[in-house]
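Asks: Top line first, the protein sequences correspond to chains A and B.
Quick note on numbering: the first sequence equals residues 1 to 435 in our numbering.
Quick note on numbering: the second sequence equals residues 1 to 435 in our numbering.
No lab work stands behind these hints, which were simulated from the structure alone.
Computed from a predicted structure; not experimentally measured.
Please note that a few of the clues may not be correct.
[Stated by the list, open to error] Cβ pair distances, simulated, as ranges:
(1) SER368/B <-> GLY200/A: 50 to 56 Å
(2) THR81/A <-> LYS394/B: 52 to 58 Å
(3) ARG399/A <-> LYS36/B: 29 to 35 Å
(4) SER171/A <-> LYS400/B: 52 to 58 Å
(5) LEU90/A <-> THR187/B: 46 to 52 Å
[What the hints assert, rightly or not] Listed next, the in silico BS3-like pairs over lysine-lysine satisfying Cα-Cα at most 30 Å (straight line):
(6) LYS395/A <-> LYS394/B
(7) LYS61/A <-> LYS165/A
(8) LYS59/A <-> LYS394/B
(9) LYS394/B <-> LYS305/A
(10) LYS61/B <-> LYS394/B
(11) LYS58/B <-> LYS394/A
(12) LYS301/B <-> LYS394/B
(13) LYS46/B <-> LYS424/A
[Claimed, not checked] Reference excerpt, derived from the structure (chain A facing chain B, CB under 8 Å, subset only):
(14) GLY151
(15) TYR360
(16) ALA428
Ideal Cβ positions, reconstructed from N, Cα and C, are used throughout, including at glycine.
Protein chains: 2
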Amino acid sequence: MNNVTEHNRKGVIPGGSEQIHSGGAVADHLTLPGLKEIPGGITAPKGFRAAGIHCGVKKSKRDLCLVVSDVPASAAVVLTTNRVQAAPVLVTREQMGRSRVFRAIVVNSGNANACTGDRGMEDAWAMVGAAASALNVGRDEVLVSSTGVIGQFLPIGTITEGIKKAAAFLSPEGGGAAAEAITTTDTFVKEHALEFDWDGTRVTMGGMAKGSGMIAPNMATMLAFVTTDAAVAPAVLHSALSRAADRSFNRISVDGDTSTNDMVAVLANGESGAEPFTEAAGPHYEAFYAALEEMLVTLSKMIVKDGEGATKFIEINVTGAADEASAVKAARAIANSNLVKTAINGEDANWGRILAAVGYSGVDFDPSKVEIFFGNVPILRRNYTIDFSEEEAKKILSRKEITITVCLHEGEGSASFWTCDLSKEYVAINANYRT
Amino acid sequence: MNNVTEHNRKGVIPGGSEQIHSGGAVADHLTLPGLKEIPGGITAPKGFRAAGIHCGVKKSKRDLCLVVSDVPASAAVVLTTNRVQAAPVLVTREQMGRSRVFRAIVVNSGNANACTGDRGMEDAWAMVGAAASALNVGRDEVLVSSTGVIGQFLPIGTITEGIKKAAAFLSPEGGGAAAEAITTTDTFVKEHALEFDWDGTRVTMGGMAKGSGMIAPNMATMLAFVTTDAAVAPAVLHSALSRAADRSFNRISVDGDTSTNDMVAVLANGESGAEPFTEAAGPHYEAFYAALEEMLVTLSKMIVKDGEGATKFIEINVTGAADEASAVKAARAIANSNLVKTAINGEDANWGRILAAVGYSGVDFDPSKVEIFFGNVPILRRNYTIDFSEEEAKKILSRKEITITVCLHEGEGSASFWTCDLSKEYVAINANYRT
Numbered sequence: 001m002n003n004v005t006e007h008n009r010k011g012v013i014p015g016g017s018e019q020i021h022s023g024g025a026v027a028d029h030l031t032l033p034g035l036k037e038i039p040g041g042i043t044a045p046k047g048f049r050a051a052g053i054h055c056g057v058k059k060s061k062r063d064l065c066l067v068v069s070d071v072p073a074s075a076a077v078v079l080t081t082n083r084v085q086a087a088p089v090l091v092t093r094e095q096m097g098r099s100r101v102f103r104a105i106v107v108n109s110g111n112a113n114a115c116t117g118d119r120g121m122e123d124a125w126a127m128v129g130a131a132a133s134a135l136n137v138g139r140d141e142v143l144v145s146s147t148g149v150i151g152q153f154l155p156i157g158t159i160t161e162g163i164k165k166a167a168a169f170l171s172p173e174g175g176g177a178a179a180e181a182i183t184t185t186d187t188f189v190k191e192h193a194l195e196f197d198w199d200g201t202r203v204t205m206g207g208m209a210k211g212s213g214m215i216a217p218n219m220a221t222m223l224a225f226v227t228t229d230a231a232v233a234p235a236v237l238h239s240a241l242s243r244a245a246d247r248s249f250n251r252i253s254v255d256g257d258t259s260t261n262d263m264v265a266v267l268a269n270g271e272s273g274a275e276p277f278t279e280a281a282g283p284h285y286e287a288f289y290a291a292l293e294e295m296l297v298t299l300s301k302m303i304v305k306d307g308e309g310a311t312k313f314i315e316i317n318v319t320g321a322a323d324e325a326s327a328v329k330a331a332r333a334i335a336n337s338n339l340v341k342t343a344i345n346g347e348d349a350n351w352g353r354i355l356a357a358v359g360y361s362g363v364d365f366d367p368s369k370v371e372i373f374f375g376n377v378p379i380l381r382r383n384y385t386i387d388f389s390e391e392e393a394k395k396i397l398s399r400k401e402i403t404i405t406v407c408l409h410e411g412e413g414s415a416s417f418w419t420c421d422l423s424k425e426y427v428a429i430n431a432n433y434r435t
Numbered sequence: 001m002n003n004v005t006e007h008n009r010k011g012v013i014p015g016g017s018e019q020i021h022s023g024g025a026v027a028d029h030l031t032l033p034g035l036k037e038i039p040g041g042i043t044a045p046k047g048f049r050a051a052g053i054h055c056g057v058k059k060s061k062r063d064l065c066l067v068v069s070d071v072p073a074s075a076a077v078v079l080t081t082n083r084v085q086a087a088p089v090l091v092t093r094e095q096m097g098r099s100r101v102f103r104a105i106v107v108n109s110g111n112a113n114a115c116t117g118d119r120g121m122e123d124a125w126a127m128v129g130a131a132a133s134a135l136n137v138g139r140d141e142v143l144v145s146s147t148g149v150i151g152q153f154l155p156i157g158t159i160t161e162g163i164k165k166a167a168a169f170l171s172p173e174g175g176g177a178a179a180e181a182i183t184t185t186d187t188f189v190k191e192h193a194l195e196f197d198w199d200g201t202r203v204t205m206g207g208m209a210k211g212s213g214m215i216a217p218n219m220a221t222m223l224a225f226v227t228t229d230a231a232v233a234p235a236v237l238h239s240a241l242s243r244a245a246d247r248s249f250n251r252i253s254v255d256g257d258t259s260t261n262d263m264v265a266v267l268a269n270g271e272s273g274a275e276p277f278t279e280a281a282g283p284h285y286e287a288f289y290a291a292l293e294e295m296l297v298t299l300s301k302m303i304v305k306d307g308e309g310a311t312k313f314i315e316i317n318v319t320g321a322a323d324e325a326s327a328v329k330a331a332r333a334i335a336n337s338n339l340v341k342t343a344i345n346g347e348d349a350n351w352g353r354i355l356a357a358v359g360y361s362g363v364d365f366d367p368s369k370v371e372i373f374f375g376n377v378p379i380l381r382r383n384y385t386i387d388f389s390e391e392e393a394k395k396i397l398s399r400k401e402i403t404i405t406v407c408l409h410e411g412e413g414s415a416s417f418w419t420c421d422l423s424k425e426y427v428a429i430n431a432n433y434r435t
């Protein structure tokens, strides 16, 4: 794990090192003093407790999670843009409209409470109510989230009983159990924590995520929860989250599908004692933003690495685009191309599919200026010059982690995007899931 | 094969027959007297000859095709929107800028002449020149097209020799050989012909197509050529082709990738003796348009049925959308969803994935009003009411051809879209193609 990684230089062609393309993981030209990874997850920051238990939605695995701040915390949330929104997404949106200060998050896995109509809404509110009463906080201080099968009603009695039980298990060491309790088809638990110095005060940030397909078959997707003991005003937290989510969760793709239940939430409770900040600018904000982006990019990459049937992790760097938006557009088209993803699966240096994907991305560029690299090996040079050793390309493509760099030579825009290959196993998992 | 198929009624829910959703195959409320399928393809209309030979681009299969009109014919062409455009696409665009009356089309398969820079342009012009000289027509009367591997130079000497040879084989019975010569990874030859009455005159239309993946690995995609002995002014022909291509080739998807070489061309030579028409309106135009749409939809469906690794043909009908554009958007999102395509591959009645795809399509709708049918079996009714027999659904999904209807209940817009399932074989074909 890098500390602060240097931003991808604009238009630069890969040189000596294969790892120079860290890919926009941190705001430009920013270094953050003492940023480092620490063990743990959501309960690493001061003043947070969590629990993850089995209550009975799933057969035997943990399926209910509580995250609680000892004091009221600023909250920011990003929700799915899918028009079909699960009941907990609608309830959380309503809660966020009422307040920006929260105490708790309650999450169940195994059932998404999506496409469940009025009864689904009642059930989501019942989860909020049960958590508020078990934790002795206000109903308007609880956020709710669900993930799992679409179109089935929650076993709400089981869940509200589970919430009471989970409250008894809350602990500052409960992060790991909580991270386990939000998983569905995930093959590993996704946690990350980091700390940094802030005018002499240690500030900590912890996170957990779940997801292994944009919609794992009927299983709703991508959740991420982040806690921090920094003191951040809600509006500033929202601004940082929007920007960081745009450069992390909005830059990954497993299969291009967007779920009905996606949610990223951040709670900031100020318990570190670090100086509060209230403006989305200045060195304090930029330092906090850098840490948050590092957190979300790390969690995003974990989700891609757990992509259904994935055998390879692919980082796509587009440089020299007219602007950042164009770079993202081109990178997304490459990342979503089944033909590119199957070629990588087959370890085939198929640059034609990459160039064709940029061609239909809607980005304006001159194809004859494009250069493509696998790792630091040039595959395509200007004027369609192809001059690479198949052997060298094969060596790069045989690795578990592959970096593809596309230089458009049109301007200064660059972006990174993360995806995985498309394997026969993906088809097998998704064709046979329900049956 | 149907004659004129009735247009999908707006907002109607499937009833007694499973085949009622013929899906926008013909302009609304139009019936065309005596429209019927006839044997043959590109040389079915009067005054067209064709040849398809093996010249040596491929190892042993036919790889060079000529289509010639005995007299100058009106021409209309639709070309790929990919920013990366093969040399023959650029040359054809230049030719069409100069004239709208053509005599011949020359096509090679096995090599796309794409991403080949200046030398590629010279080679494409050399093909035009060789055809003009072999056929004794003007250089500005020849269209050119290529399909096959990207990024390799044409064996241009082999091809120009081949063009001379092919000219000697031109025949009014050459349609079948020509259709074979434009294929690449296709598993069957795609030809279609039809005739209709026009104030007592028999008018004929013939067509051929190739394609079995939007970009079959490095192999450039989708070509279609149509001939007719109707007399149609170039501007009118262009207007009809744009509209019909939009409702056929722009409504199919195998893997969502758009090729560098896509081309649809129509030649109309007037040899039927039927009355010419010069306006894109009125009953003559509408009749001609209906025939052209029927031709292109039939060729489009053939391409989908030959989708790489496809085991099922899927027709997606979206009805009750706010307008036709919204219906197309929703249908395209369903058709391009890997999760929907793998579910159909697994014969799983997974309506949640279909609804979620509409949800992220960008179309405005109320999810609780949506109804989904497989064939004529309702799967999802209003207010998320799920009440279907898994057995009945399974029976429908076990067929080779599956119709999915999604009623949004928002307005009068409807559209059909055609796609295929996503199988392990697709991945195998595309992962292992080059190696």
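Asks: Are LYS59/A and LYS394/B close enough, with their CA atoms no more than 30 Å apart?
Replies: holds (26 Å)
Asks: Confirm or reject the claim that THR81/A and LYS394/B have a C-beta distance inside 52 to 58 Å.
Replies: violated (33 Å)
Asks: With a cut-off of 8 Å, does the beta carbon of ALA428/A approach a beta carbon of chain B closely enough for the hint to hold?
Replies: With a closest approach of 6 Å, the ALA428/A hint holds.
Asks: Can the restraint linking LYS58/B and LYS394/A be considered satisfied, given a maximum Cα separation of 30 Å?
Replies: This hinted pair holds, its Cα atoms lying about 26 Å apart.
Asks: Would you mind confirming whether the straight-line C-alpha gap from LYS61/B to LYS394/B stays at or under 30 Å?
Replies: violated (41 Å)
Asks: Restraint: TYR360/A near chain B, CB-CB cut 8 Å. Satisfied or not?
Replies: holds (4 Å)
Asks: Between SER368/B and GLY200/A, is the Cβ distance one that fits in 50 to 56 Å?
Replies: The hint (50 to 56 Å, Cβ to Cβ) holds, given that SER368/B and GLY200/A are roughly 54 Å apart.
Asks: For the pair we were handed, LYS61/A and LYS165/A, check the Cα-Cα distance against 30 Å.
Replies: Roughly 15 Å separates the two Cα atoms, so the pair holds.
Asks: Could one say that the CB atoms of SER171/A and LYS400/B fall in the range 52 to 58 Å?
Replies: Between SER171/A and LYS400/B, where Cβ atoms are some 57 Å apart, the hint holds.
Asks: Per the CB criterion, is GLY151/A less than 8 Å away from chain B?
Replies: holds (5 Å)
Asks: For the pair supplied as a hint, LYS395/A and LYS394/B, is the alpha-carbon distance within the 30 Å limit?
Replies: The hint is violated at about 45 Å.
Asks: I want to verify a distance hint. Is the separation of the beta carbons of LEU90/A and THR187/B within 46 to 52 Å?
Replies: holds (48 Å)
The structure is inconsistent with the numbered hints 2, 3, 6, 9, 10, 13, although it conforms to all the rest.
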